[in-house]
Amino acid sequence: MRYHFLMFPLLFSLFILSGCAPAPLRGTGDLGVVIERAAGSIQVVETTNRTRLGQVPGLGDLSHASVNYSRDERYAYVFGRDGGLTKVDLLKMRIEKRVMQSGNSIGGAISQDGRLVAVANYTPGGVKIFDSATLEQVADIPAIDQAGKPSKVVGLVDAPGNRFVFSLYDGGEIWLAELRDPAKPVLRKFANIGREPYDAMITADGRYYVAGLFGEDGLVLLDLWHPDDGVRRVLDGYGKGEQKLPVYKMPHLEGWAATGSELLVPAVGRHEVLVIDQNNWTEAGRIPVHGQPVFVVARPDNRQVWVNFAFPNNDTVQVIDVPSRTVVKTLKPGKAVLHLEFTPRGEHVWVSVRDDDRVAIYDSETFAKIGELPADKPSGIFFTPRAHRIGL
Amino acid sequence: MAGLLCAAIFFPGLTWADPPAAPAPARQAELLNLVRQDCGSCHGLRLEGGLGLPLTPQALGEKSPDALRETILHGRAGTPMPPWQPFLTEAEADWIVQMLLKGLP
Numbered sequence: 001m002r003y004h005f006l007m008f009p010l011l012f013s014l015f016i017l018s019g020c021a022p023a024p025l026r027g028t029g030d031l032g033v034v035i036e037r038a039a040g041s042i043q044v045v046e047t048t049n050r051t052r053l054g055q056v057p058g059l060g061d062l063s064h065a066s067v068n069y070s071r072d073e074r075y076a077y078v079f080g081r082d083g084g085l086t087k088v089d090l091l092k093m094r095i096e097k098r099v100m101q102s103g104n105s106i107g108g109a110i111s112q113d114g115r116l117v118a119v120a121n122y123t124p125g126g127v128k129i130f131d132s133a134t135l136e137q138v139a140d141i142p143a144i145d146q147a148g149k150p151s152k153v154v155g156l157v158d159a160p161g162n163r164f165v166f167s168l169y170d171g172g173e174i175w176l177a178e179l180r181d182p183a184k185p186v187l188r189k190f191a192n193i194g195r196e197p198y199d200a201m202i203t204a205d206g207r208y209y210v211a212g213l214f215g216e217d218g219l220v221l222l223d224l225w226h227p228d229d230g231v232r233r234v235l236d237g238y239g240k241g242e243q244k245l246p247v248y249k250m251p252h253l254e255g256w257a258a259t260g261s262e263l264l265v266p267a268v269g270r271h272e273v274l275v276i277d278q279n280n281w282t283e284a285g286r287i288p289v290h291g292q293p294v295f296v297v298a299r300p301d302n303r304q305v306w307v308n309f310a311f312p313n314n315d316t317v318q319v320i321d322v323p324s325r326t327v328v329k330t331l332k333p334g335k336a337v338l339h340l341e342f343t344p345r346g347e348h349v350w351v352s353v354r355d356d357d358r359v360a361i362y363d364s365e366t367f368a369k370i371g372e373l374p375a376d377k378p379s380g381i382f383f384t385p386r387a388h389r390i391g392l
Numbered sequence: 001m002a003g004l005l006c007a008a009i010f011f012p013g014l015t016w017a018d019p020p021a022a023p024a025p026a027r028q029a030e031l032l033n034l035v036r037q038d039c040g041s042c043h044g045l046r047l048e049g050g051l052g053l054p055l056t057p058q059a060l061g062e063k064s065p066d067a068l069r070e071t072i073l074h075g076r077a078g079t080p081m082p083p084w085q086p087f088l089t090e091a092e093a094d095w096i097v098q099m100l101l102k103g104l105p
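Chains as they are written, first to last, in our numbering: chain A, 1 to 392; chain B, 1 to 105.
Don't take every hint at face value.
Restricting the straight-line Cα-Cα distance to at most 30 Å, the calculated cross-link-like pairs of lysine-lysine (DSSO-like) are [unchecked claim]:
| # | chain 1 | residue 1 | chain 2 | residue 2 |
| --- | --- | --- | --- | --- |
| 1 | A | K189 | A | K149 |
| 2 | B | K102 | A | K335 |
| 3 | B | K63 | B | K102 |
| 4 | A | K244 | A | K149 |
| 5 | A | K149 | B | K63 |
| 6 | A | K97 | A | K184 |
| 7 | A | K332 | A | K369 |
| 8 | A | K244 | B | K63 |
| 9 | A | K369 | A | K335 |
To spell it out: a stretch of chain B is covered by chain A in this simulated footprint if at least three of its residues, at any positions, have a beta carbon under 8 Å from a beta carbon of chain A; those stretches are [what the hints assert, rightly or not]:
| # | segment |
| --- | --- |
| 10 | 31–41 |
| 11 | 45–57 |
| 12 | 72–85 |
FYI, nobody ran anything at the bench for these hints, they're computed from the structure.
In this text, all values refer to a predicted model and were calculated from it rather than measured experimentally.
Glycine included, C-beta positions come from ideal geometry on N, C-alpha and C.
With the sequences and hints as input, model every part of the structure.
Here it is in structure tokens:
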């Protein structure tokens, strides 16, 4: 009795100090982040009841921000344009750690073992590697091309073998960095791949790294199972020498759709989605669409591919039926659609509508809009299952 | 250069001593949003640069306003900078240049 008599005030005062009852335990598999690019904040959202759980401010310039997740799906690593790398605790909804790691960065990746976070930088160009727990820098890889010039780095992804792969925009090279010993990256460089690789993706199995070229009509393929074979040009001259249209927004390749035996990719400067036969890496077809594609994203079951478009056609989203390669639905979510993300098994898709300050949520089977959340100039939407996908 | 000549022919009184006619307030808001958000996709939301060069007053200090207007309207060949002429009048491009040189509000 005496014990209880003493313990009660102690527990009670702890309860008062903590401010409120402890939050109920929850998992993180249905959580996600919506980037609020102008405000420099992120929203933490959940996809089960489609609600906003909170907001974390103070993340800097988030134009072109992207997110990777820790393998326990608790922490988001947010890569800002201004070189800021921020580790956010999704459960406590607060910044765990933040470092300014360069003057200007474009994206990042997390290693196979989850211990390393890599950031691709424009200024000064290169890749920096950080300990994912502490955000202490463990390696610095300046991107000096064969001609001795510094280069912006794009298309950074992780690959099996605790490797990172990335492309040198100015230098026209692909580099493979193996980080078994994080302090001593082993580099392998592929030069003269083509002009201005602007982004890249890796197939879901982690085998093929594909970079898109802006300065030429074509893509570049590196088979990571056979790096000795070097790079090879794919879909060379898909524009057939025609003048490409002005590009008001660079396409993104992170969301390139791999639908089993086919890859669907945005054509640069054309109102087309290109279909690549993955067996022989040749063009298998073209799908005319509403504008210049920016994101071409497959639903997790690969039956559909959803596409958004560059300015001035960025009020529209189109749905491609993969087997028939036809557009089966055209949606008008609102002004300036920047990104779309499927729920883990694809029943819903979340769409950010920047100039309308909201995220629209659609049923991917009926195409009905089933919900909406306010957000301040939303851009990227990233759900935690990305934690377990190679290249995301 | 052709654009400059045209400007001189059609707007003989227009020099940089006279600020260009400012767009209506609603259009100004649209243009500022365009610069921040759509130009910002490449040049950074704070216009401190990205794939495109920085567009801060410090970065643009040495550049001539006419050349900047020409770049906005006609793009830069050999770079990803596209021509914005389909969406902007010359006067609007001039106003954007003024805003960039001053620093965006």
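Now the hints, each set against the structure:
Distance restraint check for A:K189 and A:K149: the Cα-Cα separation of roughly 15 Å lies within the 30 Å cut-off, and the hinted pair is therefore satisfied. Restraint check: the Cα-Cα separation between B:K102 and A:K335 comes to about 28 Å, which is no more than 30 Å; the hinted pair holds. Restraint check for B:K63 and B:K102: satisfied, since their Cα atoms lie roughly 13 Å apart, inside the 30 Å limit. A C-alpha spacing of about 28 Å is found between A:K244 and A:K149, which places the hinted pair at or below 30 Å, so the restraint holds.
For the hint pairing A:K149 with B:K63, the CA-to-CA distance comes to about 25 Å; that is within 30 Å, so the pair holds. For the proposed pair A:K97 and A:K184, the alpha carbon gap of about 24 Å is at most 30 Å, so the pair holds. Proximity of A:K332 to A:K369 is assessed by CA-CA distance (about 11 Å); at most 30 Å being required, the pair is judged to hold. Annotation: proposed proximity of A:K244 to B:K63 holds, straight-line Cα distance about 29 Å (limit 30 Å).
For the given pair, A:K369 sits about 16 Å from A:K335 by alpha-carbon distance, which is consistent with the 30 Å threshold. For a cut-off of 8 Å, the count of residues in the segment 31–41 of chain B with a CB near a CB of chain A stands at 6, and the three-residue condition holds. Here's how the segment 45–57 of chain B fares: 6 of its residues keep a CB closer than 8 Å to some CB of chain A, so the rule of at least three is met and the hint holds. Counting residues of the segment 72–85 of chain B whose CB lies closer than 8 Å to any CB of chain A gives 4, so the stated coverage by that chain holds, three being the minimum.
In this structure, every one of the numbered hints holds.
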